[in-house]
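Trainee: Sequence:
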Amino acid sequence: MKIALIGYGKMGKAIEKIALQKGHIIVLKISEDTMSEFTNDNLSKADVAIEFTQPEAAFDNVLKCFEAGIPVVCGTTGWNDKLDEAKKICPEKNGSFFHAPNFSIGVNLFFALSEQMAKMAERIPSYDNITISETHHTEKKDAPSGTAVSLANDILKNISRLKKWEGFTEEIPGTEAGKGGVLPVRSYRIGDAAGLHEICYKSEDDTIKLIHEAKGRSGFAKGAVTAAEWLIGKKGIYGMKDLLQL
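Residue numbers (this note's numbering): 3 to 248.
Zero decoy hints are in this set.
Label pairs and their computed distance ranges (CB to CB):
# : residue 1 : residue 2 : range
1 : L115      : P93       : 25 to 33 Å
2 : S128      : S220      : 37 to 45 Å
3 : M3        : S162      : 38 to 46 Å
4 : K24       : K217      : 15 to 23 Å
No lab work stands behind these hints, which were simulated from the structure alone.
Where is the CB? At the ideal position from N, CA and C, for every residue including glycine.
Please model the complete structure; the sequences and the hints are all you need to start from.
Mentor: Written out as structure tokens, the structure reads:
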């Protein structure tokens with residue numbers, strides 16, 4: 003498989019390492035220093051593109067892949083305001099688009115566990131103090147993380163007494179979590195942390211925690227390369243639930 007890497011930072015280099023180990027070829031590496039090489043002609047040399055850049059660049063990068071007729075796997079988060087538009091344009095361009103807030107296999111199992119826990123908590127209102135926290139490296143631009151936002155939205159879909167989530171980068175103020183229908187999502191940015199997500203359910207009697215902690219970037223990179231392999235030959239819009247059949 004010939005891969006175009008759009009974004010050649012720490013994640014791009016981790017993806018390159020995994021791809022090469024699996025016998026794939028990197029035919030294009032796009033970074034801030036090589037934007038002049040980001041052309042349709044160069045993209046056409048690839049079987050698939052993998053995009054991990056910045057929120058402000060992701061939409062245009064994905065559209066460029068659609069225009070070039072190249073399937074694109076996108077792991078950039080923080081551009082939800084344009085994501086629906088990209089999904090609308092994809093079929094218009096007969097494109098192939100795989101997007102996920104997190105490509106780790108473990109995190110996607112974590113999503114499934116969180117959804118099941120929320121469905122059970124809906125029937126047990128004593129667990130009315132529910133919080134999410136996430137910790138990432140200091141270079142991560144968006145807060146909360148895309149993973150935390152997905153976790154929060156899934157919980158809101160399944161627990162009717164919660165009406166909205168709110169993000170905090172300071173200590174959660176004032177009232178107890180869950181009061182007023184608010185699900186607090188707390189973000190920490192520390193050193194080179196690869197990613198820690200925690201969901202906490204508290205009642206008067208006990209506390210239940212669901213935790214996923216990444217050991218490094220390799221899990222995300224493996225998932226992205228696996229998604230790229232899976233996307234070849236398909237048209238349409240996909241995510242990790244399709245890949246893992248969750």
